[in-house]
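K.L.:
The chain contents come next:
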Amino acid sequence: MASSSNSPCAACKFLRRKCQPECVFAPYFPPDQPQKFANVHKVFGASNVTKLLNELHPHQREDAVNSLAYEADMRLRDPVYGCVGVISLLQHQLRQLQMDLTYAKSELSKYQNHNLSGSTAQGFIVAAAAAATATHHQTVGNNLISCCGGGVSRDHLYHHHPQLFSSRDQHASVIRAFDVNNNYDTTAGVLAMNISAGGIGHPQFQTPRAGGNDDLPTTIDPS
Amino acid sequence: MYRFHKLDKMTSTRCAVCKYFRRRCPPDCIFAPYFLNDNPQRFICVHRFYGASNIGKMLEEMPVQLRADAVDSLYYEAKCRIQDPVYGCVGIITSLHRQIQIAQSQLAKAQAEISFLDANFVGFEPTPSLSESLVQQNGFEQGLDDPFSTWFY
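If you're matching them up, the sequences are chains A and B in order.
Our numbering puts the first sequence at residues 1 to 223.
Our numbering puts the second sequence at residues 1 to 153.
No lab work stands behind these hints, which were simulated from the structure alone.
Okay, derived cross-link-like pairs now, DSSO-like style, lysine-lysine, Cα gap no bigger than 30 Å in a straight line:
hint: 1; chain 1: A; residue 1: Lys105; chain 2: B; residue 2: Lys109
hint: 2; chain 1: A; residue 1: Lys51; chain 2: B; residue 2: Lys19
hint: 3; chain 1: B; residue 1: Lys57; chain 2: A; residue 2: Lys13
hint: 4; chain 1: A; residue 1: Lys51; chain 2: B; residue 2: Lys57
hint: 5; chain 1: B; residue 1: Lys19; chain 2: A; residue 2: Lys42
hint: 6; chain 1: A; residue 1: Lys13; chain 2: A; residue 2: Lys51
hint: 7; chain 1: B; residue 1: Lys57; chain 2: A; residue 2: Lys42
hint: 8; chain 1: A; residue 1: Lys18; chain 2: A; residue 2: Lys51
hint: 9; chain 1: B; residue 1: Lys19; chain 2: B; residue 2: Lys57
hint: 10; chain 1: B; residue 1: Lys109; chain 2: A; residue 2: Lys110
hint: 11; chain 1: A; residue 1: Lys18; chain 2: B; residue 2: Lys57
hint: 12; chain 1: A; residue 1: Lys42; chain 2: A; residue 2: Lys13
Away from chain A, derived, C-beta distances all over 12 Å, residues of chain B:
hint: 13; residue: Lys19
hint: 14; residue: Arg23
hint: 15; residue: Arg24
hint: 16; residue: Pro27
hint: 17; residue: Asp28
hint: 18; residue: Asn37
hint: 19; residue: Pro40
We treat Cβ as the ideally placed atom computed from N, Cα and C, and that holds for glycine.
The shape of chain A in the complex, shown without the other chains (with noise of 0.2 Å):
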């Protein structure tokens, strides 16, 4: 993670500066990864990244310095909409999701009400669970969109899917429900999921989020 004493970090060099042994970027911009912080220079400038860093505590710098460089990198592919862009897509996506398993929990619910003796419905229903358990791990790897390195640019999302990118109403709305109850607003119970720096999706982190406290607060007052 540190830079060798012999090379400077990626900061230094882009800065063209000598990298003292204390500089702050140095663990996070190591050499060999000189877009890193040209991204984030581009966006942020070095001197604001280096007070964000300066107010944290040092086993939290290295993710906000991945997740700066991700919003850097979000930014400079959407200068319009950022991150702001994924997060409305990500709700669209989220909300056709739990549209169909409403639908399929309705369905299901048939087979459930239907009139039949109780020991057949019961057993029918054990059944089905049972299968669907069996076979859940299959059906997921047939049906599912792969969250972890599907390896889909957002190019293709723009080019397969237009009807997504063309609402600037959607990406308003993501800014609107923040500001107007001054907190997230993803979908309801988001922000109540537990969210473990180490499992999916976080392979990156090496600390759990601030304060070691998993849980999402469901409203987040700025005050």
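Once you have looked at the hints, place chain B on chain A.
P.N.:
What follows is chain B alone, placed relative to chain A:
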């Protein structure tokens, strides 16, 4: 008296950015339409993370009709970063990814149950082509990658 009146006029028409920097706000100020002087916090928030000069450069590089949305999204991200200095809005993205995975898993399980019941439940007519319609609906578009699996260097 005239001098004070002139200063008042200049002060009252300055945008929040020019007011912050205590400078004259020119008629073609790039920030003026998006940082009104009645909401100084908006600029302070965005300036804290991006800096006025970076914001100005970003705005100059995009068409005028997109600038309002760009500033709104920068403000949103800045507010997210204030509330969560470590992860910012990336925390929301990760949370949504997780929610999507869970919903997909539940949906697949429900589909499997329906398929089983369709195949084995004699004497009950489910909604026609239920299984097919769900499979068709769930020919999922490939989604955005989780930020920490692909975009991280």
